[in-house]
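Number of protein chains: 2
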Amino acid sequence: MTGRLTIVGLGPGAADMVTPEVSQALAQATDVVGYGPYVSRVAPRPGLRLHPSDNRVELDRAQAAIRMAQQGQRVVVVSSGDPGVFAMASAVFEALETMPGAADVAIDVLPGITAMLAAAAALGAPLGHDFCCINLSDNLKPWSLIERRLTLAAEADLAMAFYNPRSASRPEGFARVLEILMQACGPDRLISFARAVSTPEQVLNTVPLGQATPDMADMRTIVILGSSTTRRVGRWVYTPRFAG
Amino acid sequence: MTGRLTIVGLGPGAADMVTPEVSQALAQATDVVGYGPYVSRVAPRPGLRLHPSDNRVELDRAQAAIRMAQQGQRVVVVSSGDPGVFAMASAVFEALETMPGAADVAIDVLPGITAMLAAAAALGAPLGHDFCCINLSDNLKPWSLIERRLTLAAEADLAMAFYNPRSASRPEGFARVLEILMQACGPDRLISFARAVSTPEQVLNTVPLGQATPDMADMRTIVILGSSTTRRVGRWVYTPRFAG
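In the order they appear, the protein sequences are chains A and B. Under the working numbering, the first residue of the first sequence is numbered 215, with each subsequent residue one higher. Under the working numbering, the first residue of the second sequence is numbered 215, with each subsequent residue one higher.
Please note: incorrect hints may appear among the correct ones.
It does not matter which identical chain is used: a pair holds within one copy or between any two.
To be verified - Below, in silico cross-link-like pairs of lysine to aspartate or glutamate (DMTMM-like), each with a Cα-Cα straight-line distance of 25 Å or less:
hint	residue 1	residue 2
1	Lys-355	Asp-274
2	Lys-355	Asp-432
3	Lys-355	Glu-311
4	Lys-355	Asp-371
5	Lys-355	Asp-402
6	Lys-355	Asp-230
To be clear, the hints were calculated from the coordinates, so they are not data collected in a lab.
Please build the complete structure, drawing on both the sequences and the hints.
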């Protein structure tokens, strides 16, 4: 049997947002590897081995997945959302660089509905014009780089989607983010908090930036800051297609 | 019968990248509205009216869709990719603002796999770290704003995904984009051209920026410029999770 490593995105949570190609990859897998809560979204069946692991062991997990594929297994590495957006795809390629004998492993990456786009759809269309996507965790980059990117993105008048707004290790970070954005964008700019998007626990909250507080976000929240043109119509938030 | 307007994304082209919730919305529709080539991706069936229209009539199309929903029809507005990324969702909300009596129309937005994420998956994981997404068409914004955003995004060291790199009305625009990026990022920065992603015609091409030429992109191409850390491993292009 020829091994294969398929890196998939499970979408933000709803079962009917998982693409058919991802469902098919899971149906053909011998082994599923990933962070525990995501592995638990895969239905068990005879012949399928589940390998849940902890957060922050992405590189170890990726190396283990590559080794299983080298041994002939059909391995699926699962991420929430899209595997290429702050998720496992980069970790697998990082691992591949550390394993010289692994260059010939068959790999596929299957996209998923990333949380930012599910949040945007639930809110309306706040990312309907140019935007950026920034991970606010400073686990893997210096905090100064995050501040620099926020400032430049505001100067470029991009809408912004933020992943990992609140980390347990740096609870004060998101308060600082809100300060920087207030200074750059002013108190009337719209900011949306989308928690647990597409699940039964989904909560949406849009306020002017001047009314935003750090506790509006937690680890399950995607935050979307509008551009200067982002507006409301009825219960919706959207960014028009035109600008300038 | 209560009318409903559902704004959906059909994904980049492959049938197995259409989410089940979008397929279900199409199965329940009485009317499908959209740009001709996207409407033609919906299988005809008895009782389903197809309303294909030309490019650049997004607002007219959105108003017509809202009117049909007001009359009790189950209308699905289709976009390629994700409806919230340079597609029909913003146009529908713009139209809603022009129709004061339409505020109570039931609307849902269902996300799709946007071309940038399908392109990234086919290439590896070039958007695995902070990135931005810019529409290079100047139909709806001044060219100066595009240049300004490119310069600031390069200064922020974001990876960049570009939609609509080549327009018939401004063929010289993408040559200017490449000049600006060369000046800001240097000749060794990786740039990828992903054409007709997820279809049988898919072509991927990654070169150093110094070797990129305008003819490498056409209207069906998504262009992804790496950040300063984007690298190759084997046939893959990826951006590591860490930076700085």
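| query | Which hint numbers does the structure go against, in order from smallest to largest? | reply | 6
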